[in-house]
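Use these hints to put chain B onto chain S, whose structure you have.
Each chain is listed here by its residues.
There are 2 protein chains.
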Amino acid sequence: MANYFDIVRHVENYSASLNDIFHALADPTRRSVIARLGSGAASIKELAEPFGLGLPSFLKHIKVLESSGLIASEKVGRVRTCKLRRGNLTAAEKWFDKQRAAWESRYKNLDNLLTTLKGEESES
Amino acid sequence: MANYFDIVRHVENYSASLNDIFHALADPTRRSVIARLGSGAASIKELAEPFGLGLPSFLKHIKVLESSGLIASEKVGRVRTCKLRRGNLTAAEKWFDKQRAAWESRYKNLDNLLTTLKGEESES
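These protein sequence lines map, in sequence, to chains S and B. Residue numbers 1 to 124, in this note's numbering, belong to the letters of the first sequence in order. Residue numbers 1 to 124, in this note's numbering, belong to the letters of the second sequence in order.
Here chain S stands alone, though its shape is the one from the complex:
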């Protein structure tokens, strides 16, 4: 199936960032941080508060999020503030859009086939 080989090649081209993004999202603490940052920037202290994690453990999560490109952080004085990098979240969303489009076109094709078969049936 030539088509499938094309998919594989294409996926390999832009996979590094998607690997990092999906890996970052495979954790409930990190997803909560992303959800929180969706409503505006926040300090590390504020972000860490509800988790009952030690700061070093929490900072590991922040590091994974930052290296995936999903968030950026900046230190001003003693306060490090994080914000969402919305565009990179959109990259992952687009992967889902693509899968849905393929799925929907498959069903459209099945529909067309059924319509054709029905037509042939009523002709005979």
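Simulated from the structure, these hints should not be mistaken for lab results. A couple of the hints might just be wrong.
Since copy identity is lost for identical chains, a pair holds within one copy or between any two.
Quick list of in silico lysine to any residue cross-link-like pairs, SDA-like style, CA-CA up to 25 angstroms [said to hold, decoys possible]:
| no. | residue 1 | residue 2 |
| --- | --- | --- |
| 1 | K75 | A35 |
| 2 | K83 | L113 |
| 3 | K83 | N112 |
| 4 | K118 | E104 |
| 5 | K63 | G77 |
| 6 | K108 | R78 |
| 7 | K118 | S39 |
| 8 | K75 | H61 |
| 9 | K60 | Y4 |
| 10 | K98 | I62 |
| 11 | K83 | E104 |
| 12 | K83 | N19 |
| 13 | K63 | S17 |
| 14 | K118 | G40 |
| 15 | K45 | P28 |
Every value quoted in this text rests on a predicted model; they were computed, and no experiment measured them.
Same frame as chain S, now just chain B:
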């Protein structure tokens, strides 16, 4: 921030499956398999073909996909066939929809604030 605590609790409730789904998607081989199955069921042999992986390594990927709920497989005679479980892919899509909705409502609020401020300005 009470709201953020609510998010954290909510995310913990349904996080087990999302953890598995995002973990499954954090690999280019597994994403390619999902993309291929979007156009219909396929045998393990057919799915493995473009990767140049040994069968045991490839089967590990299939196992991760299956235990995440993203695919199901069935053996008939000597052939194991895989198919997409579309509903579980949708669960992950919904997570993104939620983030986008929160983001958009944030911008709507900023817009409203700007409109209010402009109104006050022209009154003074």
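Going through the hints against the structure:
| no. | hint | verdict |
| --- | --- | --- |
| 1 | K75 to A35 | within (21 angstroms within a copy, 40 angstroms between copies) |
| 2 | K83 to L113 | between (49 angstroms within a copy, 21 angstroms between copies) |
| 3 | K83 to N112 | between (47 angstroms within a copy, 22 angstroms between copies) |
| 4 | K118 to E104 | within (21 angstroms within a copy, 45 angstroms between copies) |
| 5 | K63 to G77 | within (20 angstroms within a copy, 48 angstroms between copies) |
| 6 | K108 to R78 | neither (57 angstroms within a copy, 32 angstroms between copies) |
| 7 | K118 to S39 | between (52 angstroms within a copy, 23 angstroms between copies) |
| 8 | K75 to H61 | within (17 angstroms within a copy, 40 angstroms between copies) |
| 9 | K60 to Y4 | between (37 angstroms within a copy, 20 angstroms between copies) |
| 10 | K98 to I62 | between (29 angstroms within a copy, 21 angstroms between copies) |
| 11 | K83 to E104 | between (35 angstroms within a copy, 16 angstroms between copies) |
| 12 | K83 to N19 | both (21 angstroms within a copy, 22 angstroms between copies) |
| 13 | K63 to S17 | both (15 angstroms within a copy, 23 angstroms between copies) |
| 14 | K118 to G40 | between (55 angstroms within a copy, 22 angstroms between copies) |
| 15 | K45 to P28 | within (18 angstroms within a copy, 35 angstroms between copies) |
Taken one by one, the earlier hints fail for this structure only at number 6.
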